[in-house]
Amino acid sequence: MSEITPTTFRPASEDSPAFRIALTVTVLAVLVLLLFAPLIAVFYEALRKGWVEAVTSLAEPEALAAIRLTLTVAAIAVPLNAIFGVAAAWFITKYDFRGKAFLITLIDLPFSVSPVAVGLCVVLTFGANTWIGASLVEAGYPIVFALPGIVLATMIVTFPFVARELIPVMIEQGRAEEEAALTLGASGWRTFLTVTLPNIRWALLYGVLLCNARAMGEFGAVAVVSGKIRGQTATMPITIEMLYNEYMSVAAFALAAVLAFLAFLTLGLKTFLEIRHADALAASRRH
Amino acid sequence: MRRPLIHRSPIPGLGISAGITLTLLSLVVLLPIGALLLNGALAGPDRLWTEVNTPRIWASLWLSFRLSFLAAAFNLVFGVALAWVLGRYRFPGRRLIDAAVDLPFALPTAVAGIALTALYAPNGAFGALARDLGFKIAYTQTGIFIALIFVGLPFVVRTVQPVIDEIEREVEEASATLGATRLHTIRHVILPMLAPAALTGFALALARAVGEYGSVIFIAGNLPMQTEIAPLLIVIKLEEFNYEGATAIGIAMLVISFVMLFVINGVQVWSRRRIGYV
Numbered sequence: 001m002s003e004i005t006p007t008t009f010r011p012a013s014e015d016s017p018a019f020r021i022a023l024t025v026t027v028l029a030v031l032v033l034l035l036f037a038p039l040i041a042v043f044y045e046a047l048r049k050g051w052v053e054a055v056t057s058l059a060e061p062e063a064l065a066a067i068r069l070t071l072t073v074a075a076i077a078v079p080l081n082a083i084f085g086v087a088a089a090w091f092i093t094k095y096d097f098r099g100k101a102f103l104i105t106l107i108d109l110p111f112s113v114s115p116v117a118v119g120l121c122v123v124l125t126f127g128a129n130t131w132i133g134a135s136l137v138e139a140g141y142p143i144v145f146a147l148p149g150i151v152l153a154t155m156i157v158t159f160p161f162v163a164r165e166l167i168p169v170m171i172e173q174g175r176a177e178e179e180a181a182l183t184l185g186a187s188g189w190r191t192f193l194t195v196t197l198p199n200i201r202w203a204l205l206y207g208v209l210l211c212n213a214r215a216m217g218e219f220g221a222v223a224v225v226s227g228k229i230r231g232q233t234a235t236m237p238i239t240i241e242m243l244y245n246e247y248m249s250v251a252a253f254a255l256a257a258v259l260a261f262l263a264f265l266t267l268g269l270k271t272f273l274e275i276r277h278a279d280a281l282a283a284s285r286r287h
Numbered sequence: 001m002r003r004p005l006i007h008r009s010p011i012p013g014l015g016i017s018a019g020i021t022l023t024l025l026s027l028v029v030l031l032p033i034g035a036l037l038l039n040g041a042l043a044g045p046d047r048l049w050t051e052v053n054t055p056r057i058w059a060s061l062w063l064s065f066r067l068s069f070l071a072a073a074f075n076l077v078f079g080v081a082l083a084w085v086l087g088r089y090r091f092p093g094r095r096l097i098d099a100a101v102d103l104p105f106a107l108p109t110a111v112a113g114i115a116l117t118a119l120y121a122p123n124g125a126f127g128a129l130a131r132d133l134g135f136k137i138a139y140t141q142t143g144i145f146i147a148l149i150f151v152g153l154p155f156v157v158r159t160v161q162p163v164i165d166e167i168e169r170e171v172e173e174a175s176a177t178l179g180a181t182r183l184h185t186i187r188h189v190i191l192p193m194l195a196p197a198a199l200t201g202f203a204l205a206l207a208r209a210v211g212e213y214g215s216v217i218f219i220a221g222n223l224p225m226q227t228e229i230a231p232l233l234i235v236i237k238l239e240e241f242n243y244e245g246a247t248a249i250g251i252a253m254l255v256i257s258f259v260m261l262f263v264i265n266g267v268q269v270w271s272r273r274r275i276g277y278v
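Protein sequences, first through last, are from chains C and G.
So the first sequence is numbered by this note's numbering: it starts at 1 and just counts up by one.
So the second sequence is numbered by this note's numbering: it starts at 1 and just counts up by one.
So here's chain C without its partners, still in its complex pose:
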């Protein structure tokens, strides 16, 4: 038994089997307790009284209005942030100017501010007690407790997503291809559409995906600016809170299950992008 068989040989850069098994089991146990169990709980609670009850609760006018509002907000906020992201990435990576690092810091700023503080900022800027807000209300365009405020709060919270994904990818790709296209006589727009856009499309899609997931689920900032008016300014997450606080557990979890399903879809697409287009995304993931 004293001879060393090849199966017992272990490279110096590998952990012992006992250590490996212990670490894997511990880590997986924590993931089950914190990640997988809550996910299962959402669907379990939603279907507690059967499919019929869950689906009926989703057909309530209040739930439908919430779904419509959330889709509307995302449909406005996400494209605007995508346009900003592309413009900012172009500006930052195609030109040399002073204060670039500072500009990037400002773009990232919303990530270090609490969503509730973001909501507070919107109220302090456009609330009915400020002069901008008061004059807008007078003109018939209230911002706070209305759609524009919800869109703005969502935009602030999700502001850096697209730019953050695009900037490293565009730095990696450099300017040579665009310069070649321009030398050959292509117009600026043509260069952007036929040279730049195909190069950054996967990173752009990735950024939009993350931005959209956060936009649809944003709670803290929207809770402050929406006023939580039923059927009017209550987004899906806000409606979930209201239903939950009224002990309408099945209805709350049914709506939550819809959002959880969307989260699944997001993760699936994200993983697909990462596997299929790893090269195009590599620059941004190095951060």
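These aren't lab readings, by the way, just hints derived from the structure by calculation.
Be aware that one or more of the hints could be misleading.
[Said to hold, decoys possible] Which bits of chain C does chain G cover? Going by a derived footprint, with three or more residues having C-beta under 8 angstroms, they are:
no., stretch
1, 155-165
2, 170-182
3, 264-274
[Said to hold, decoys possible] Using C-beta positions, here's what the derived DEER-type ranges look like:
no., chain 1, residue 1, chain 2, residue 2, range
4, G, 58, C, 229, 28 to 36 angstroms
5, C, 184, G, 94, 42 to 50 angstroms
6, C, 50, G, 224, 33 to 41 angstroms
7, C, 186, G, 258, 41 to 49 angstroms
8, G, 54, C, 138, 34 to 42 angstroms
9, G, 58, C, 64, 38 to 46 angstroms
10, C, 179, G, 4, 14 to 22 angstroms
Just so you know, these numbers come straight off a predicted model, no measurement behind them.
Note that CB positions come from ideal geometry on N, CA and C, so glycine has one too.
Since chain C is already given, all that's left is putting chain G on it; use the hints.
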């Protein structure tokens, strides 16, 4: 000679890209955050201080920052372990686990909040177990701690993973050849290499946890002086139309966050210098 503000470039689109960037940045980020700071400046430091300087607000700030720090510390250790398991070991379902790590980014916080509460409340699956063992999780600070771990879970894993992929096996082999035990290699060779990235993840998780609202308020119980987080107090002040109070707490949170991130940044620079790359 002074560098020009902007170098000439043959690439077109400067006007439109700079225009969109600066306009949206000003409207969406600078104007609202400026309004918060302006409101603070108009109220004056004395007024802000009297608003913040109440036992209830100190208790909430202390609670928020203390639990966020503990949760981020947990995620620092756990994140490095998980990244190591995902990067070095091969087992069935590894891909799935890797994808699932991002769940807290994709799942809306309110959904996470009610799901964690359903599980950890005294009548929930895990909560009942804890109750039989004689302690309570939901509606206590432990519940808040668990919610904050959940929201910060992916950060350290995602910052550390690429570094683990890039570690050359030869380094570990060299260490072993020189007589180091595996434990010694991990402590003195691998962990120092992971430290800067892990600290970046720690800082991100901390910043996220401090501001977190949606996943916490359901599980917290929200008792003043005991389980009331700072962002909730902003909401309460706003509901009372006390804009100065809300502004004061908002600015206090910003200041404390920036000081903490500044310190972490310093530690990071130090740990990076220590292992030799800038």
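Hints and how they fare:
Here's how the stretch 155-165 of chain C fares: 3 of its residues keep a CB closer than 8 angstroms to some CB of chain G, so the rule of at least three is met and the hint holds. Coverage of the stretch 170-182 of chain C by chain G holds in this model, with 4 residues showing a Cβ closer than 8 angstroms to a Cβ of that chain against a need of three. Proximity of the stretch 264-274 of chain C to chain G, defined as three or more residues with a beta carbon under 8 angstroms from a beta carbon of that chain, is established by the 6 residues found. Remark: the range hint 28 to 36 angstroms for residue 58(G) to residue 229(C) is upheld by a beta-carbon distance near 34 angstroms.
Taking 42 to 50 angstroms as the suggested C-beta distance range, the pair residue 184(C) and residue 94(G) conforms, at roughly 47 angstroms. A hinted range of 33 to 41 angstroms for the beta carbons of residue 50(C) and residue 224(G) is consistent with their spacing of about 40 angstroms. At about 45 angstroms, the CB distance of residue 186(C) to residue 258(G) agrees with the hint of 41 to 49 angstroms. Distance hint for residue 54(G) and residue 138(C): a CB-CB separation of about 36 angstroms, consistent with the stated range 34 to 42 angstroms.
A beta carbon spacing of about 44 angstroms between residue 58(G) and residue 64(C) agrees with the range 38 to 46 angstroms that was offered as a hint. Separation of residue 179(C) from residue 4(G) is about 20 angstroms and conforms to the stated range, judged on CB atoms against 14 to 22 angstroms.
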